[in-house]
Amino acid sequence: MKLSKHTLLWAALTVLIRTVSVAQPSGNIPVSDSPSTAVQAPYPGLVNMANPGKYNYIQSITPDQPLQSLPASGYQYRQQRDYFDGLGRPLQSIQRRAHADGNDIIQVHVYDSLGRERYQYLPYANQPFANQVPGTIQLHVNTMMRNFYDLAGPDEAPYSRTDYEASVLSRPLKQLQPGRAWVGGNRGVRNLFRFNTPGEVMLWNIDRALHAKPYVNGTYNAGELSVTETTDEDGRINQEFKDKDGRLVLQKRYVNNPVPYYAHTGYACTYYVYDDQGRLRFVIPPQAVYNMPVGWDVDPIREFCYSYEYDRRGRLIERKIPGKAVEEFVYDDRDRQIFSRDGNQKQNNQWAFTIYDASDRPVITGLGAFTSPRDVLQGLVDDPAVVYPPPDMWAYIKNYSLYNTYPTQINGATILGYTYYDDYSQLPGFSYDATQYNGELPAASQPQ
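Under mature numbering (1 follows the signal peptide of the UniProt record, and there is no 0), the letters of the sequence shown match residues -23 to -1, 1 to 425, in that order.
Hints are not guaranteed to be accurate.
[Stated by the list, open to error] With a straight-line Cα cutoff of 20 Å, these simulated EDC-like cross-link-like pairs (lysine to aspartate or glutamate) come out:
| # | residue 1 | residue 2 |
| --- | --- | --- |
| 1 | K323 | E304 |
| 2 | K221 | E206 |
| 3 | K301 | D312 |
[Unchecked claim] Label pairs and their in silico Cβ distance ranges:
| # | residue 1 | residue 2 | range |
| --- | --- | --- | --- |
| 4 | D78 | R213 | 37 to 43 Å |
| 5 | D319 | G212 | 41 to 47 Å |
| 6 | Q36 | V16 | 50 to 56 Å |
Bear in mind the hints are in silico, worked out from the structure with no lab data behind them. Predicted model, so just to flag it, every value in this text is computed and none were measured. Think of the CB as a built atom: it goes at the ideal place given N, C-alpha and C, for glycine as much as any other residue.
Could you build the full structure based on these sequences and the hints that come with them?
Dropping the structure here:
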């Protein structure tokens, strides 16, 4: 008898089904245990106070709408008191009846023996105890905070924690966020402080000349750079390399698994290049580092980079941002920026200008029609022989005594804005009288 393919398929399926249809073994049954009891989380450093004593505080009253006087009946306003301990450190911040149920919201602060706020507690809301005035310092902070946060579970830790290294630097080694899964599980952001290894970071140099090109001069020797490694909760590592002057030299951000670890592979790297005067001249972003040719030649990837040029007085005169034309700046003798232009303004033969008063406050802004390049404008500003009468722009650009004078027209310029300032002549009758401070506050008015 000839069997069809459908008959053979059905027979195969029947055999397969019969093969896998086995009885469940008795040893493969999960044990149904009762859920474990949550362990109550400790509240480090948070203790109830026996008596309030006397604390300095600052009381703030913020009305929800404009008022003419305080206190004002029939108006709503928010009140907050910030209490301080004997060393002037924040102790409690209390927002009076700020909760939706009309309770106070309390933010407490605790310190370790070295005065560090290692535990930062979350705020909580509580109903004041009997005979306690709302908005005043809270005594039973541990009890009331536990009553509030135990509603979410007694094992939830309502605080973040910072672990410091055992040195006079007290640098943070680990930072853990609130909650059972974070500080309760000892899972947080870790910091590691070390020095660089040989060949780990490229050594960039740049000449002082205008529009100089940065170049690689080998690598940093071991121990020349301090390194801060930050590992987040997911194990991703970010690194910052700083030189002996505290300047950021290299920033490495995790992208994927770094292979090898002490290299650029697997990281988004940003280099910062400084000249011999410590001025930031070049920033080489990750895309430029990624496309860098062999030999670390900047020319092919220069459009990806940020560049900054300075004059002999250390003032920024040119700035180049990727995807944007060069921006130029001109300064006066007081180092105030008086002219600037971008690529669009350069095509339109325009310079944006700012005129200042004698107190270095900007009073007039506008656009000037100039075809002169930046160095020519800077020379005109620096030349004391260049003198023009009003309403020429140079009469105001180079005049430091302009005060309460706002010309309605400036030759060769379009005025875009005026800025006006008042003085104290509008406050008659508010003279200072020291005789009114002749003693201490009455006992009833002293802070509690």
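Hint-by-hint comparison with the structure:
| no. | hint | result |
| --- | --- | --- |
| 1 | K323 with E304 | holds (9 Å) |
| 2 | K221 with E206 | holds (17 Å) |
| 3 | K301 with D312 | violated (25 Å) |
| 4 | D78 with R213: 37 to 43 Å | holds (41 Å) |
| 5 | D319 with G212: 41 to 47 Å | holds (43 Å) |
| 6 | Q36 with V16: 50 to 56 Å | violated (40 Å) |
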